[in-house]
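Chain by chain, the residues run as shown.
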Amino acid sequence: MARSKSTRAPAEPAAKRRTGTSTGGPTRRERVEAMQAEQRRKERRIRLIAAVAVLVAFVGVVVLVQSQRGRIDQTAPRPAGVTEAAGGIALGAPVGSGKPLVELYEDFSCPHCRDLEATIGPTLHELIDAKSATVMYRPIAILGDESVRAGAASGCAQTGGQFLAYHDTLYANQPAEGSGGFSVDRLIEFGGQVGLTDARFTQCVTDQTYRRWVQDATVAASQRGVHGTPTVFVNGAELALVPGDPNAVTMLRDAVAKPAG
Amino acid sequence: MAVSTVTRRATIQPWLSLAARLLLAGVFGVAGALKLADPAAATRAVSAYEIVPTGAADLVGYALPAAELGLAVLLLIGLAVRFSAIVSAVLLVMFIAAIISAWTRGLSIDCGCFGGGGAVEAGSTRYLEEIVRDVGLLLVAGWLIAFPRSPFALDRDVQPSQP
Numbered sequence: 001m002a003r004s005k006s007t008r009a010p011a012e013p014a015a016k017r018r019t020g021t022s023t024g025g026p027t028r029r030e031r032v033e034a035m036q037a038e039q040r041r042k043e044r045r046i047r048l049i050a051a052v053a054v055l056v057a058f059v060g061v062v063v064l065v066q067s068q069r070g071r072i073d074q075t076a077p078r079p080a081g082v083t084e085a086a087g088g089i090a091l092g093a094p095v096g097s098g099k100p101l102v103e104l105y106e107d108f109s110c111p112h113c114r115d116l117e118a119t120i121g122p123t124l125h126e127l128i129d130a131k132s133a134t135v136m137y138r139p140i141a142i143l144g145d146e147s148v149r150a151g152a153a154s155g156c157a158q159t160g161g162q163f164l165a166y167h168d169t170l171y172a173n174q175p176a177e178g179s180g181g182f183s184v185d186r187l188i189e190f191g192g193q194v195g196l197t198d199a200r201f202t203q204c205v206t207d208q209t210y211r212r213w214v215q216d217a218t219v220a221a222s223q224r225g226v227h228g229t230p231t232v233f234v235n236g237a238e239l240a241l242v243p244g245d246p247n248a249v250t251m252l253r254d255a256v257a258k259p260a261g
Numbered sequence: 001m002a003v004s005t006v007t008r009r010a011t012i013q014p015w016l017s018l019a020a021r022l023l024l025a026g027v028f029g030v031a032g033a034l035k036l037a038d039p040a041a042a043t044r045a046v047s048a049y050e051i052v053p054t055g056a057a058d059l060v061g062y063a064l065p066a067a068e069l070g071l072a073v074l075l076l077i078g079l080a081v082r083f084s085a086i087v088s089a090v091l092l093v094m095f096i097a098a099i100i101s102a103w104t105r106g107l108s109i110d111c112g113c114f115g116g117g118g119a120v121e122a123g124s125t126r127y128l129e130e131i132v133r134d135v136g137l138l139l140v141a142g143w144l145i146a147f148p149r150s151p152f153a154l155d156r157d158v159q160p161s162q163p
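Taken in order, these protein sequences are the chains called F and V.
The letter at position 226 of the first sequence is residue 226 when you use the numbering used here, and the numbering goes up by one with no holes.
The letter at position 38 of the second sequence is residue 38 when you use the numbering used here, and the numbering goes up by one with no holes.
Extracted from the complex, chain F is given alone in its bound form (with noise of 0.2 Å):
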């Protein structure tokens, strides 16, 4: 194969070298030289080009595709109660009852959630019984599939009227990081362990009806500046709350008795 050897090295300078010794112009064997050096720097010039607009085409589609989906739909089906595309579910005191809000952003997946859960879960109880404070829970899915699944079927038992008793269970029986344990049977089975057995509640889990909603609160949360979970709002301001710490259930009552500010 007699290719040129580089194409970083054209033809010019021995072609000039050969010049300056010669007495003539360039002999046609020269020239022929020239032509095809000029002919590679047009070539290299046209890939270069091409790779450019290549790039930068597939750069400009994949944007417009993923933009379209990264967008929130505004009229995916809700959970029942959830007021808004990719909203909260809300229990204790009605939202706008002037009582303190606590927004919690959690993953059913996620281990640290679910120790948050172990620590703080009796004080939000105690909050939303007395009605003293608006809990907002806002599944939201950063672990893959087995999180949007588990969340999604969480929004089924809202519309089932079970929302805290099966959200509890996902803790109780939270499978290991990443091992795919909540199956759609398994999400279906912790249903009829908090009395969620009518074929509605089957077929929302199976649906995955709810899929969008979290997908869609994913986006909101990290549009807020959620980037991991847990993560804990009292009236709009983050708590930095650590799982497992005793001190964390005081830090949680303190923000919640401040007056809104």
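It is worth saying that the hints were derived from the structure and are not from the lab.
Fair warning: this is a prediction, and the values are worked out from it, not measured in the lab.
The beta-carbon is built from N, C-alpha and C at its ideal position, and this holds for glycine as well.
Some clues are possibly wrong.
Among the chain F residues that face chain V by a calculated CB cut under 8 Å, a handful are [to be verified]:
#: 1; residue: Arg47
#: 2; residue: Arg69
#: 3; residue: Gly225
Once you have looked at the hints, place chain V on chain F.
Quick look at chain V alone, frame taken from chain F:
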């Protein structure tokens, strides 16, 4: 002049460059594909760096994986290899700078280099590891910028053969 050494280098260099192309293509291809699969995670990973504002994080989260995948394809087929290597190097320098920046600001995040990303526990960051890997890849890209010529590349095939 040690002709044999020059010849040996000339023989080995194209194959090393081919290996460099394939390595970068593999890494960028996997990284891009994993991120494209979950755009929400990609934008979350970008915003976790707290460098770009939220709207721009979305754009970066969408565009970056595409650029990575596009680069992987260009490197794989060997089209505009030096250009692709330069873009790769620029991306890698940006990645390294972003990770160092996150590290020095005391953030606890995963680099999100291969999907995932976002906040992690304070003790489980892997900044040094991530930087070392990216510096290694930067060296590979540097080699390719210096020696873009390699077999099985479109860059060569469209060239007229010399008599």
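Each hint, compared with the structure:
1. Hint on F:Arg47 holds. Least Cβ distance to chain V is approximately 5 Å, under the 8 Å limit.
2. Among the interface hints, the one on F:Arg69 holds; its C-beta lies about 6 Å from the nearest C-beta in chain V, closer than the 8 Å criterion.
3. At its closest, the beta carbon of F:Gly225 sits 7 Å from a beta carbon of chain V; the interface hint therefore holds under the 8 Å criterion.
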